Amino acid sequence: MITAERKPMEEIIASVRPYNRILLVGCNECVTVCAAGGRKEVGILSSALQMAFMQEGKTLDIKELTLERQCDPEYVEELVTVIDQADAVLSMACGCGVQEVARRYKDKPVYPALNTKFMGASERQGVWAERCQGCGDCILGLTGGICPVARCSKRLLNGPCGGSTAGKCEISQDVDCVWQLIWDRMKALGIENRYEEVMMAKDWRSSRDGGPRKIIREDLV
Amino acid sequence: MSLKKRLSSKEFVVLAEMHTPKGVNISELVNNARRIKGRIDAVVIPDMDNGVMRMSALAGGVLMHQQGIEAVINVYCRDRNRMAIQGDILAAHVLGIQNLIVVKGEEIANCDHKDAKVVDDLNEIQILEVVNGLQNGTDMAGFDLTGAPEFTLGCTLGKFADQASLEKEIQAAKQKVDAGARFIITPPIFDIDYFLSAADKIKALNVPVIASVFLIKSVGIARYMAVTEPESRIGEDLIKRIRKSRDRENECLKIAGESMKALKGQVDGVLAVTLGWEHRLPTILDYAQL
Numbered sequence: 148m149i150t151a152e153r154k155p156m157e158e159i160i161a162s163v164r165p166y167n168r169i170l171l172v173g174c175n176e177c178v179t180v181c182a183a184g185g186r187k188e189v190g191i192l193s194s195a196l197q198m199a200f201m202q203e204g205k206t207l208d209i210k211e212l213t214l215e216r217q218c219d220p221e222y223v224e225e226l227v228t229v230i231d232q233a234d235a236v237l238s239m240a241c242g243c244g245v246q247e248v249a250r251r252y253k254d255k256p257v258y259p260a261l262n263t264k265f266m267g268a269s270e271r272q273g274v275w276a277e278r279c280q281g282c283g284d285c286i287l288g289l290t291g292g293i294c295p296v297a298r299c300s301k302r303l304l305n306g307p308c309g310g311s312t313a314g315k316c317e318i319s320q321d322v323d324c325v326w327q328l329i330w331d332r333m334k335a336l337g338i339e340n341r342y343e344e345v346m347m348a349k350d351w352r353s354s355r356d357g358g359p360r361k362i363i364r365e366d367l368v
Numbered sequence: 390m391s392l393k394k395r396l397s398s399k400e401f402v403v404l405a406e407m408h409t410p411k412g413v414n415i416s417e418l419v420n421n422a423r424r425i426k427g428r429i430d431a432v433v434i435p436d437m438d439n440g441v442m443r444m445s446a447l448a449g450g451v452l453m454h455q456q457g458i459e460a461v462i463n464v465y466c467r468d469r470n471r472m473a474i475q476g477d478i479l480a481a482h483v484l485g486i487q488n489l490i491v492v493k494g495e496e497i498a499n500c501d502h503k504d505a506k507v508v509d510d511l512n513e514i515q516i517l518e519v520v521n522g523l524q525n526g527t528d529m530a531g532f533d534l535t536g537a538p539e540f541t542l543g544c545t546l547g548k549f550a551d552q553a554s555l556e557k558e559i560q561a562a563k564q565k566v567d568a569g570a571r572f573i574i575t576p577p578i579f580d581i582d583y584f585l586s587a588a589d590k591i592k593a594l595n596v597p598v599i600a601s602v603f604l605i606k607s608v609g610i611a612r613y614m615a616v617t618e619p620e621s622r623i624g625e626d627l628i629k630r631i632r633k634s635r636d637r638e639n640e641c642l643k644i645a646g647e648s649m650k651a652l653k654g655q656v657d658g659v660l661a662v663t664l665g666w667e668h669r670l671p672t673i674l675d676y677a678q679l
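From first to last, the protein sequence lines are chains P and S. Count along the first sequence starting at 1, add 147, and that's the number in my numbering. Count along the second sequence starting at 1, add 389, and that's the number in my numbering.
Treat the hints as calculated values from the structure; they're not laboratory data. Careful: at least some of the hints might be erroneous.
Said to hold, decoys possible - Calculated cross-link-like contacts (lysine-lysine; reagent style PhoX-like; alpha-carbon spacing at most 20 Å): (1) P:K187 with P:K154; (2) P:K349 with S:K503; (3) P:K349 with S:K590.
Keep in mind the model is a prediction, meaning the values are calculated, not measured.
With the rest of the complex left out, here is chain S:
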């Protein structure tokens, strides 16, 4: 069943994020995807995530499609103007991509090409509107298309540290839903109880909510994130659990899997984000019993 159908029929969806390579060797990406084929509903391909120049998400999505795996590709504003974005969206459709997530690009100052010229011609809401326009057969300049594309469109919810920032992020997300987003991806969830206490407000957006589960790979990363990203709400208990484990690496996989399991039934789906540890996704899915 396609992601679109699963979302519309309220079936729980399981997504996994996979990065394209910085180069043309695609064996790792393809092998990792094949390992989880049939266990996930779609693979999400970020575009130059974290500001790292990589093979484009469009190519990654097509590679998934060639493997018989449904793909969701990210679209953002930093590096492409309205012409390039529209051209790539049309290309995505004819190459078999059925799903897009409109995301915010990393600041150029945090990218690996810090000296690049920033485009930022459109913002997230405007991209969503442009895709809707294309789906209705018209480009941004008002010209008719010969054949209109069709996508299931998603958006993201910004990070929130407290109720006040949640209100703000929900307001921003509402604008994206009003602009045509049909599902929403949350920021990484580490404190599930806290997230569930806020989940009703997110569900009030009336689109399927897909919770991100980020794989913490070490005590060091957990500590770093706890300090630098307080909105992650990574607590001392979580850090202690990894630190005290005899097999810390496995404990990290277990934590991610358990989080996915705990979120099943609470939200409409989960997205596993493993940042370079995609080869460990089968184990995480085992722990998640998915």
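Pulled out of the complex, with its shape left as it was, chain P reads as follows:
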């Protein structure tokens, strides 16, 4: 899923300060799962904003709404009935959702309330970690299902480097050495002979380096 974190309150307050009426829009998908921008977080942010503005002697009219998917035009269309009642939109979706609202409602200022972080997975309650960089040419089949592109600090395709100690990365004791994980997994699967295969320089065209990406499925268009 796409993970996100709420921006600092001061930054959010500064972005909506010029407005009297805002539409605060959450999303029911990834940002709900990572507890950043779902219905609950919309309610909390709404209350926090109202309190902050009250302290400044100002009232802020906030309408709360949480869409099923803010990155989907079909659901973003639901805002059409309420958009005119707001001077600006404060979106609690990931960057995809913010942009979809901005694309659909061209004359309405849209501000992000979240910082979109990464594609990741939940490690345990309240902890999410990066798993995928969307490089567009998946090599997980070669690395025992563990991605060095997303999880090696140096993005090494032939690791480890000399900075791996006791299974931890040199940048922090909190970061696993992904090449240790890959080696352990390959051994467990009995495919450690594959470790010797040298991976060639990666073709980054399929990643963001090749320019903004698009998928066109002719069978669905």
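Chain P is fixed; fit chain S onto it per the hints.
Chain S alone, transformed into the frame defined by chain P:
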């Protein structure tokens, strides 16, 4: 007289662009440069221009310096992050390079290593600011340097097809001048009258304006550019002139030389861009009477 002094004393400057080799054989580069030594004020060394992996501009600039020719090297953002850019800029100073032009790198999709990872850590304005910081003795992280470099910094003006796009490009160039650029290189000028009609707006940036003159090498190239780059404003008259000439190659050199001559007195300098025909620069300079 150094390029810096010529620019500040409003002397007309003549620059010529020369590419580093794709390999380590430097004889052609060095020989071509020696042929025009004394006739030009500095040689401009692009860095992986047109997206072709070549010997770095820094090495090319040092080779010029070794020949007693002042060098101007290009700096851009695509392949180096802020650490590498700063390191190379410090290296450039101690190796004798006195001038930099901050340019926009070619898109990786148009390069000869299309599968490379793009860096783009900084943009042109940010690089100019970084160089200023280094000149003031501080790196981008705020640490003090032991000895600060010194450069004459230049920037480029983007291509413009009409007055509206010129306004936009001038606005972008103004940001670069505000960030520390002390001279500006124009896109290749083919329609001199049109360029001169816009020149006042460029001169209003209050830094020396150096006009690029691009050597068209054939009718085919002229036609191709006229179609694919309408902002070049290559007209039918120019194409016809080359086509009707008995010695087309010489006519191309003559056109480039005449353009340089026509621009003298109108701008602060010219930059001859010959893309592989650097050995013909002496003839072009003859026609330009430079």
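Hints, verified against the model:
1. P:K187 with P:K154: Holds. K187 (chain P) to K154 (chain P) sits at ~16 Å (cutoff 20 Å).
2. P:K349 with S:K503: holds, 11 Å
3. P:K349 with S:K590: violated, 46 Å
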